[in-house]
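Using the sequences and the hints, build the whole thing.
4 protein chains.
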Amino acid sequence: MIDRNDLRWSDVEGIFNRASFISHLGIRLIEVGEGRCSIELQTDDRHLQQHGFVHAGVLATLADHAAGGAARSAVPDGFDVITIEFKINFLKPALPGKLAAKARVLRAGKTVAVAETEVFAAETLVAKLTSTLAVIPEK
Amino acid sequence: MIDRNDLRWSDVEGIFNRASFISHLGIRLIEVGEGRCSIELQTDDRHLQQHGFVHAGVLATLADHAAGGAARSAVPDGFDVITIEFKINFLKPALPGKLAAKARVLRAGKTVAVAETEVFAAETLVAKLTSTLAVIPEK
Amino acid sequence: MIDRNDLRWSDVEGIFNRASFISHLGIRLIEVGEGRCSIELQTDDRHLQQHGFVHAGVLATLADHAAGGAARSAVPDGFDVITIEFKINFLKPALPGKLAAKARVLRAGKTVAVAETEVFAAETLVAKLTSTLAVIPEK
Amino acid sequence: MIDRNDLRWSDVEGIFNRASFISHLGIRLIEVGEGRCSIELQTDDRHLQQHGFVHAGVLATLADHAAGGAARSAVPDGFDVITIEFKINFLKPALPGKLAAKARVLRAGKTVAVAETEVFAAETLVAKLTSTLAVIPEK
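Chains A, B, C and D, in that order, give the protein sequences.
Each residue of the first sequence is one higher than the one before, counting from 8 in this note's numbering.
Each residue of the second sequence is one higher than the one before, counting from 8 in this note's numbering.
Each residue of the third sequence is one higher than the one before, counting from 8 in this note's numbering.
Each residue of the fourth sequence is one higher than the one before, counting from 8 in this note's numbering.
In short, the hints are calculated from the structure, not lab data.
Hints are not guaranteed to be accurate.
Note: identical chains are not told apart, hence a pair may lie in one copy or across any two.
[Unchecked claim] In silico DSBU-like pairs for lysine-lysine, Cα to Cα no more than 35 Å straight-line:
| hint | residue 1 | residue 2 |
| --- | --- | --- |
| 1 | Lys117 | Lys146 |
| 2 | Lys99 | Lys146 |
| 3 | Lys105 | Lys146 |
| 4 | Lys109 | Lys99 |
| 5 | Lys146 | Lys109 |
As the structure is a computational prediction, the values presented were derived from the model and not from experiment.
Dropping the structure here:
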């Protein structure tokens, strides 16, 4: 686990604070490790789909962002990451409440990183994502 | 193109009106055809990511929902669809403004449908999604 | 681990013996568990691509088949599985030699199963696959 | 369409001739265009799975290779491509016989290309693939 005083914490936190869609949704950074990242979302009515479950788009956004955080923690100083593609499977309907996304890096190369995220709703695995990210110079 | 008085229009429209995340984002249904669906989103600040482009989660939600609309128009009366997985490639950074998503069904079987969506920002193809949907009895 | 005398071993083994492409490639079943499956392939020249590494198509076939074995072990008697889609990331070039694929089921529902496979070449993780399978009555 | 005397034809053809798994399977290059590629495979017994249809691994290999050919034709001289991930949906069982794969590039950037392939068996669309490729200096 990376301490909140560590530079890598602020690197990853920066992705969250400066992405208005993420703060708008209410996603919060919980923990950053070496190639790992945990984030959470407390859902409310605006996050739901027509059957009363959490919308697939919310789960995808959450899972993608956790993967981005994990990848960001694994690339060298001066580099950032950007998702170029992801695939997500929805395993169970996600009941409203607290969602937790836990991501880890499968590979961090010089130009491409690969990460995966598991999303849990009340301890149940509800979605799994795999994403590919480009490693780019930090702006 | 399906007329707005057609039952299939209201079937697809129902997905949009009853999904609070979709109406919350501002996504609007534009056109429904036989296995086709077009939707739009006028972005504002809350849809952006840290570099000022439209967030990947917004593009994914838009593309997934268009695919759902296209699949919904292709299954028989009394059946609904639900996304079980999707994959999306982000081809170009999506500039803020009007996004258009155009989806078509590749296969509509008895238990599974497959659809794909192209997302355009100002005429530029910015993302492509393929999704697999379960065909389920309507509730 | 499931004993070789267990019916589920022969159910999974049947997928291997009756699939000519699998026996043609030289893929062998190693272990079947509850929702798990391990298989191996000793590569030779015909499995390679233009740079001398194992071809992506070989890795995909191996990973998909292991996922099928894992899912097959997790569905009830009288049911079979068939891949409806998969996604695979190639993480490192796979050196020729012995490849090991280890699959596990993420979800086994009544109509759809989801499994994931990790492929190793000489202890290195070289590919990761996620697949969605339809659960169908056994023929 | 690119003439067989064009350098790009031989660039793409080189991928086929030097990949032993491809020539071993019997895959043949048919046509190369600007960001497009068509290839074919006449199946025989060794390409089948347990129900007598063409094996998913064969369809995936064919579709991935066509995508590689299309991407190869779209990158500048002195550059090659290598698949970093793909996703494929199997839409219909593929009957044995002649399979045709038609690929086109969705994006050819400096470091990453994206292509998609449709696979047909006797005029029926049986599979659709999307792949992401790294653009690398030619060896």
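Consistency of the hints with the structure:
In the homo-oligomer, the alpha carbons of lysine 117 and lysine 146 lie at most 35 Å apart both inside one protomer (17 Å) and across protomers (18 Å), since each shortest distance falls under that limit. In this assembly of identical chains, the alpha carbons of lysine 99 and lysine 146 lie at most 35 Å apart only when taken from different copies (18 Å versus 39 Å within one copy). For the homomeric pair lysine 105 and lysine 146, the shortest alpha-carbon distances inside one copy (33 Å) and between copies (26 Å) are both at most 35 Å. Taking the shortest Cα distances, lysine 109 and lysine 99 sit within 35 Å of each other both inside one copy (17 Å) and across copies (23 Å).
For a Cα distance limit of 35 Å, the shortest separation of lysine 146 from lysine 109 qualifies both inside one copy, at 27 Å, and across copies, at 33 Å.
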